[in-house]
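Take 1 as the starting number for the sequence shown in this note's numbering and just add one per residue.
Quick caveat, the hints were computed from the structure, so don't treat them as lab data.
Be a bit skeptical, because a hint or two may be false.
[Unchecked claim] Restraint-style ranges between C-beta atoms, simulated for each label pair:
| id | residue 1 | residue 2 | range |
| --- | --- | --- | --- |
| 1 | T107 | D37 | 26 to 36 angstroms |
| 2 | G77 | T11 | 29 to 39 angstroms |
| 3 | V14 | T58 | 32 to 42 angstroms |
Cβ atoms here follow ideal geometry from the backbone N, Cα and C, with glycine treated the same way.
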Amino acid sequence: MQQTNLIIGETDFVRLMASQPPPDLRAELERAIVVQDESIQNDTVTMGSRVRYAELETGNSREVEIVFPEEADPAQGRISVFAPVGAALIGLCIGHEIDWDFPGGNTRRLVVVGVTQPTAGPAEDKSPQH
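Based on the sequences and whatever the hints tell you, model everything.
See below:
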């Protein structure tokens, strides 16, 4: 699927693993680089981040907030980390790309183009530092 190293803070990692994630997300979390929360860069997708991503093939873009399942509200752009796109984006940084399997068997390539942390201003759209 993807070979990019995911980066996740300790608090998000512990809470996600305790919430019985689906097998695909669990596998991604198990290979993630877990760091102290304060070491997370502003350009990294974390729980509560607003993420702007684009489909490379179509140029279509969307902005969503990655949340825990009980906080999800797709009509408000709040996407569960357990949803396929939420699981695909968590731990990525601006500039990282991922192949995402859509229902029906289509695969599309997504790129993270912007990240806004819940307690910080928007990260600059720049090449990742990772």
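Tested hints:
1. T107 x D37: 26 to 36 angstroms: Because 33 angstroms falls inside the window, the suggested range holds.
2. G77 x T11: 29 to 39 angstroms: Because 23 angstroms falls outside the window, the suggested range is violated.
3. V14 x T58: 32 to 42 angstroms: holds, 37 angstroms
The structure fails hint 2 only (numbered hints given earlier).
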